[in-house]
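Build the complex from these two chains, which are given one at a time in their own frames, with help from the hints.
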Amino acid sequence: MISPEIMLTFYRRLYPFKSIFHWLNHEPTPDDLFVKREIAFNLSTPEDVIIRYNSFNDHDEFKKAVCKMNPTRFEIGPVYTSRPRDKRTARPGTFNAAKRELVFDIDMTDYDPIRTCCSDADICKRCWSFISAAVRVLDTAIREQFGYEHLLWVYSGRRGIHLWISDKEAMGLTDEQRKSIVNWLSVVPKDESKRLNVRFGSRPLPASLQTSLDHLAVVFTELILYDQDCFASEKGWEALLKLIPDARVVDALRTQWGSSSSSSQEKWKDFKSEIKHYKKDSSQRTALTAAMEDIILQYTYPRLDENVSKKRNHLLKAPFCVHPKTGRICVPVDPARIEEFDPEAVPTVTQLLDELDSEAGAGAESSEHHSDWERTSLKPYVDMLDKHNQRIMEEVRKEKRGADMSW
Amino acid sequence: MFKIEERSSAFEEFKNQVELHKGVKYLHRLNFYDKPPLYDVSIEEFETSALDRLRILAEIESSAARNRTWEETKTVTSTQCEKYLPLKSSSAVGTDKEAQRRIDHLGHFVLRLAFCRSDDLRRRFVKAETTLFKVRYETDDSRERELFLNSRDFDWVPVDKVEKEKYRQELMSYGGRADTFDTEKYYKVRWTRVPDLIDRRKVFLKGGWAYVPSREQSSIVYQEFETHLERDLVATSRYMPRLDEDTRLGGILDNLSQGFLGGVSSEWSAGPADANGESIKAEMVDDLAAKHFPMCMRNSHQRLRADHRLNHFGRLQYGLFLKVLGLSVEEAIVFWRKSFDRINDDTFNKMYKYNIRHSFGLEGKRANYPAKNCQQILTSGGDPGCPYRHFSPENLQSALLSTYGPLGLTSSDVPEVMATVKGGHFHVACTRVFEMTHSSSGVKKGDGVGSGESVTHPNQYAAKSMELAKAQEEKAAGMVVT
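If you read the sequences in order, they're chains A and B. The numbering of the first sequence is the working numbering, which starts it at 1 and goes up by one. The numbering of the second sequence is the working numbering, which starts it at 1 and goes up by one.
Honestly, the hints are just simulated from the structure, not real lab data. These numbers were taken from a predicted model, which means no experiment stands behind them. Built from N, CA and C at the ideal position, the CB exists for glycine as well. Treat the hints with care, as some may be off.
[Said to hold, decoys possible] Residues from chain A shown here face chain B by an in silico Cβ test under 10 Å; the list is partial:
1) 143
2) 169
3) 172
4) 183
5) 200
Next up, chain B with everything else stripped away, as it sits in the complex (with noise of 0.2 Å):
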């Protein structure tokens, strides 16, 4: 399928395991991905594992927009993996493990491909595919996890009685407890790999090699990991250009390299809806919020895709905001539905078309609600709140890449954003965003969401963007008039 320099010789060597294993290729549950997958895939395989293994990465990368604590993040990950890319222990029975392990391997190497493209976009692989690797290391049967690591040549030396004894002191004044030193076990690796533990002086180190104690060898497990898909990303980069001959593929690994994050289904839907008239349809809020959204509704609407529910004040923050926008009850009605598409309609029926009707004033008191405005998110306490307040300085900064960097939000913008969040300014932050995002419509820094006003409300941003998208539509096609 894919054809990768080394197959020919790699080839021979590939033919020989399978003789070996008589078809059993994938010993481990773990991969480190060393070799690429040389079979013949159809087209659909390609896509369809990459498509299911980068929903587990927007998974992993919006856990970590969203604050999550290491725990959470690993509940989510194995919840979501359970369901897109389910990969067994060795010692489960009645499944295909087989199979489970190849997807895993195949979509691992397609999205290398769609990913080594530049170098941001390799930094957010490496960094979603190692916290998977973690995940998945953690979650590991003890025992088959030691059969993985005994498996792959780690190029570290067990320290033996002697020498552990040798240095009993030394060894101890690094950590770890004297009734447990004994069972401790030790390993041999150069500094260099690993310079987090030196960094915290945490080993003992002696002629350049580092006594790594077993309770810190995941330290040089996730860095080897970490590097070898580094340097493997870079290698195949390079190889790209012969690639991208065959169309068939071109087309795929773009749409996937764009994907990254929430909405994967929803990219991946046809094209965008005519915009005809004022009113919204249902299928078109995918698009309008890719384009046009601030960033809480973003986030939002990513959650409500990535999870299939959303919280009640999410509903009605997201739900009013909708209505302004344009949504009129029966196509809300439509969007709501499908989004919540793990409950029957018995349940949909009974529990949110009443809460849906009645936010557009149809049930109860019939009061018309407003939609929130800025003031009242960011004063919520924060579920669902406003990034820019609500989220962790690093989450924000790669949210807001990954959010907006479609639109043309760079990293050398960031700084600028995440100062004005720091000194509290979050209007001003989500403003510099709509102005940097929309430069291209000529909106210059200072412009804000029209005559230097800023952000108050996310249905004033909503609106501005798309105002502005519409007028240079129509420039665009009275050019092509005349």
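Extracted from the complex, chain A is given alone in its bound form (with noise of 0.2 Å):
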């Protein structure tokens, strides 16, 4: 448990309210995009409380009410028609969710069921293989399939990742747009013990999962067969054999693996050598090909909790949080090397707060200062956010040029 006063300080020196209020606005002076958006702040003294609908004009005014209410951490909600704050006078009917980031959720406890590492909250550099599989294929999929350029990915603190897209058009989707992206991006069936239902009929999988699979069948010989060794265990590779739609290759293989123990990689081996006992192009092989090509993406694709994707009012953390129970800070990933990145190298409040501490020792002023986070390791996850800010920023401005010009 954080104490408030540790919390306070961190706000007053060192959460970056500007680059959030940059991120949240798209251009330098506030916007109906900050204006009329919702703030949730999570309180825990007295007791565990949400304070819904608070806006601000700007990111002083912002500062100043996190300062106040000391909040152990915030949520961001939607943009509305008006101002949030001004809801109870709104007419009823009027104050509705306009727009809003499209945001994803991968959460460690989706793979609970495949993971051998870790359970529940626990998460380890191992397990972070899962996640950064998915964020390899969730950001490559909304790039190229959806054509979405400012996404923003953020480490929720514990177990999982956030995804923020700023795109105009990921703004502005409506919650049935929503829900139709989250059904394009959801593969793996809630129930475990389902097989996957991706394909027309007999036909190969369409082409969006088929670039997932090039590269997923690559993490699942590291992941799910080396590292993770998913299939040692009876439980394991029963719920392999659940899989495999040949009931005779199923009991071929169910005496094999019952008599001898072996690992998960030669298991691979011995369902491969199944196959192959069928001739080539008949239709017994191609069911059971087919099934193996699922059977990687059932085992390695992003598990999203779509609830948090659906709605446009759902509320979800706001970067640079800090998690209540770890103490890490919610700060940027870069995708691009999210392989390295390692959830327990990231700064906790307390260390941050040393860090400043040290310096003041040095010499330097302990007075409040509002980029005090450029003294601490907080910096390369700060201009992270600003560098992507000023992508953003650049296209509203452009936009807003080419606007000016056809008149």
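Next up, the structure:
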């Protein structure tokens, strides 16, 4: 548990309010995107409550309110048709969510049925590989298939990762469209024992999944077969057998695997050679090859927390908040270097304050300063957000200029 | 006639258009209704064009309520259109296509005024209009449809040969047959315009562009129609307060928005007849049906009014119900004669009169047949049957709202009724509806049709409902006197 005093110092000296403001606002001067935006405060004292429908005129007001309320964390909601703080005076039916970043949430708990290293809230470098595989696939899919460019990946502070998409079209998506995109990207069935259903009859995989598969086949070998060794235990390989649609093959493999213990990659090899028993181009072989591809997807394809993405008015924790349990900062993550990211190396709030103190000891004044974060290990992360903001703002600027030209 | 904001500017453009086409204003049979009618219209035309269209839309709604398949709906709607709202293809000769299309255009916009008022009305109107559009789109001459599609900017980009060949494999992986691939046309649209296709992972997607094959092209067109209409209705609703100043229109529009289902004609007949004494007159049935009948009889009545016919068991069931309600044999003959207004007296006397008299015990073995009870209706096999049991859930849902909406049933009541139906408790569902629609007479949940009794007979339902109404009337009268 982080003490309220630490949180207050963090908000007063370190939290990058201005960068967050730029990121939400898309412009240097306050616009509807910020002014009509809901910010919800999570308080823990005296009891757990959420104070919803706060909104602010600019980042100074925002900072003052955060320091006054001193929440354990705060969440970002949609842009409404009028200011959320005037909600009560709005005519009924006229206060509606209008815009919102398209967000995705990948959480390690959804991988509990398959990961063997940790469970529940725990996360280690090894199981982070599931997240990094998911980030790769999702990042590529959204950029290439949906054409969005302004993607911000944010570590959730413990065992998951969030994605915020700020493209103009993405901001304006209706709930129906959000639901469609989620369904497009949801491949793994909720029920673990069900097989994937993504094909049209016996056709090859849809193009969008074929591209992912090429990458995921490598991940599958490294992560599932070697690292996690998912099929070593009986529970593990029984789960695999459930996904094979050929009774003869299942029986053969069960007898073989039940009598002697073997590693996952040996088992996978057994499965492959069973497939080769059937003649090339025979219907059984096609079906089993398809099943093999489906299994790879089932074990490695991103598992989304769908409810986060489907509704515009869903709240999601703001970047750079402190995770109340781990004390780690929810920092942005570079998707190009996702494999190198180590959740345990992310700075914690106490570590950052220590860094500030040692600075102060070295002679610098410890008065309140807006960019104190520059002197801590938070700097590279804030820089990353600022660069991201520049790209968004550049595009908005261009668009505005373009609109002016048309006159 | 109806002044919409953009009149002044749009009017200039309109005048230019008139000049351009020298009188030919409607080039296509299909219409996206982008522009409101900007010409003078007589009150009579205003009303009749809307009423005729309303008949069609009501038929479409009841098609959904009656579990009709798409093919059936299409046939029924087409025949109804033929009668009330003919719209011939451009190649047709000997008809005034201009006039037909003008009425189609006018009727649509008048109904927009009537149906833009609430979320619920808008939703129903959009649904019915989109269905009508689909029917017309599917039945349109394929060459003329092509012309119509070209006349409008759907903002879709045809995929050229080179690009199509480049993505051959990708496109093929989303369905389509290898032998037809070369002739299949593809169009690019932003994915946000075809969310249904994305949802089912039906199209190739690249850079936010969905590659829609022509077999799925209608998806774009329908979606576009729907989105446009929804948006325009919301815009119209904002202008409504200004229009209400014209008192001549207010009444017409009010009546239109009430008469969405079946009995369009009846709602427009002269006011309800005075209920003097116990006997019921043929012309009172419309009014009684709307206020007091249970769903099964409402359904029979609406079918009779909309189709001008009813199958044998429907006549038997409904006829006996009316008899018990208090319709004398003379009045029954008048009622049925009027309802079957498409046959001549001879046929009626030969085919139906005997049966009516028979059911009153005046012919044949002269038995006084009782009306069917719920048990018999529930187990009759579904035609006409009990709506709670024999309708599909979606249809029952919309039927409930359209039937009992005017009596105070709201969409928040529906889930409870539907849950009861799902549990197989059809009596209970019917009883709950009775309670909900009579809450203004002081009926509370659990009261049923008097002292907690649930509905077991349609006549019991109707009698109790009429009794409550009478009691309230007397109470009101009493208060005036004292």
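| field | Hint numbers contradicted by this structure | value | none
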